[in-house]
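Protein chains in written order, with our numbering: chain A, 1 to 157; chain B, 1 to 193.
If you're looking for bench data, these hints aren't it; they were derived computationally from the structure.
Every value quoted in this text rests on a predicted model; they were computed, and no experiment measured them.
Just so you know, even glycine gets a beta-carbon here, dropped at the ideal spot from N, CA and C.
Please note that a few of the clues may not be correct.
Stated by the list, open to error - Partial list, computed: chain B residues near chain A (C-beta under 8 Å):
#1 ALA10
#2 THR13
#3 LEU25
#4 SER28
#5 SER33
#6 SER34
#7 GLN37
#8 ASN56
#9 ARG57
#10 ARG58
#11 VAL62
#12 THR126
#13 GLY128
Said to hold, decoys possible - Label pairs and their calculated CB-CB ranges:
#14 A:LEU27 to B:GLY112: 51 to 57 Å
#15 A:GLU110 to B:PRO41: 23 to 29 Å
#16 A:LYS42 to B:ILE108: 42 to 48 Å
Read off the chains here:
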Amino acid sequence: MAKFERKGKKTMAAISTASLPDVVFMLLFFFMVSTKFRDTEKKVEVKLPEASESTKLERRDLTSVIYIGTPIASYQSKHGTDARIQLNDSFKTITDIRDFVANERENMSEVDRQFMTISIKADQNARMGIITDIKQELRRCSALKVMYAARRTAPAE
Amino acid sequence: MRRPMQEINAGSTADIAFLLLIFFLMTSTMDSSSGLQRRLPPMPDKNQQVESAKVNRRNIMVVRINDADRLFAGGSLMDISLLKEKAKEFLTNPANDVNLPEKEDKVIEGFGSYPVSKGVISLQNTRGTSYDAYIQVQNELVKAINEIREDFAMVNYSKRYAALTDDQQRIVRDAVPQNISEAEPKDTGIKKR
Numbered sequence: 001m002a003k004f005e006r007k008g009k010k011t012m013a014a015i016s017t018a019s020l021p022d023v024v025f026m027l028l029f030f031f032m033v034s035t036k037f038r039d040t041e042k043k044v045e046v047k048l049p050e051a052s053e054s055t056k057l058e059r060r061d062l063t064s065v066i067y068i069g070t071p072i073a074s075y076q077s078k079h080g081t082d083a084r085i086q087l088n089d090s091f092k093t094i095t096d097i098r099d100f101v102a103n104e105r106e107n108m109s110e111v112d113r114q115f116m117t118i119s120i121k122a123d124q125n126a127r128m129g130i131i132t133d134i135k136q137e138l139r140r141c142s143a144l145k146v147m148y149a150a151r152r153t154a155p156a157e
Numbered sequence: 001m002r003r004p005m006q007e008i009n010a011g012s013t014a015d016i017a018f019l020l021l022i023f024f025l026m027t028s029t030m031d032s033s034s035g036l037q038r039r040l041p042p043m044p045d046k047n048q049q050v051e052s053a054k055v056n057r058r059n060i061m062v063v064r065i066n067d068a069d070r071l072f073a074g075g076s077l078m079d080i081s082l083l084k085e086k087a088k089e090f091l092t093n094p095a096n097d098v099n100l101p102e103k104e105d106k107v108i109e110g111f112g113s114y115p116v117s118k119g120v121i122s123l124q125n126t127r128g129t130s131y132d133a134y135i136q137v138q139n140e141l142v143k144a145i146n147e148i149r150e151d152f153a154m155v156n157y158s159k160r161y162a163a164l165t166d167d168q169q170r171i172v173r174d175a176v177p178q179n180i181s182e183a184e185p186k187d188t189g190i191k192k193r
């Protein structure tokens, strides 16, 4: 019984926190390396469809993204709930794609222009109508390399 | 003269590091982009038109997805799980069926002559088709082609496609081309707005 009577008498030895900064720095470096800066603010809700055969994009810097989806809740009063196109940071229409592609091309070096890829990030509930329109517009500006963005799933079997 | 160096209090380094960590967590994304890569056909020139319509009927498999995301392949209603096998059969034509695409002997650099299928899968959709259904179908077709390539690589190099050298991969790609045509949109279905 004697063992239990000495509680509160001895002060606890403090755990050394000297290595805490090291641990946190390690976490920090991990996140710095494994992530990249968010370049655009998403204004449309995009839940990508799943595809088991999707391949990784090798040159991210040569990719321009077109988002298609319903506006997020705070923009719905202004822009409605229909699927909309987002280029860079704002809502755009089909006719703006031409300028967008031209602009993106301009920002690339001469050599890289032919490898420009347009990544179409469309919500899985979007209708093909709007996407067909975009495809036609892209063909008109001869931006022919496209990627249908999709979440990678483990191949079934 | 030897005064002991005063130690700098390092207790706040952790706080600073935490602050940085939280900043990076907030401003960065982790999603790696992946998806199905495709090449769109160039816009037809206004001066030279309709000459591509001469493709033989046996060489085309039409895959249609309608407004209700129902799938029609090769003229019959089909479940998406059967599409892959159908596409594989169409593209390989193992029994040299007269109703399935013809093959053309092509000389592939570094490999020699190989009967390359002339089959084209034509993917059609309406404006009301959902994007999800479209991607699922695209995915099945890509899967079919990938499996044929895998078989080709196994038979000829006894290696997986991914393990081949760049040159061998090119040969496989030439022998089993990815002929998926995304048809010119026909305005079937209800036009929105």
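Consistency of the hints with the structure:
1. ALA10: holds (7 Å)
2. THR13: This hint holds: THR13 (chain B) lies near chain A, its Cβ roughly 4 Å from the closest one there, short of 8 Å.
3. LEU25: holds (6 Å)
4. SER28: holds (3 Å)
5. SER33: Interface hint status for SER33 (chain B): holds (5 Å vs cutoff 8 Å).
6. SER34: holds (4 Å)
7. GLN37: Holds. Min distance 5 Å.
8. ASN56: violated (25 Å)
9. ARG57: violated (25 Å)
10. ARG58: violated (27 Å)
11. VAL62: violated (16 Å)
12. THR126: OK, holds: THR126 (chain B) within 8 Å of chain A, min 7 Å.
13. GLY128: Check passed: Cβ of GLY128 (chain B) comes within 6 Å of chain A, closer than 8 Å.
14. A:LEU27 to B:GLY112: 51 to 57 Å: holds (55 Å)
15. A:GLU110 to B:PRO41: 23 to 29 Å: Roughly 25 Å apart at Cβ, these two residues keep to the hinted range, so it holds.
16. A:LYS42 to B:ILE108: 42 to 48 Å: holds (45 Å)
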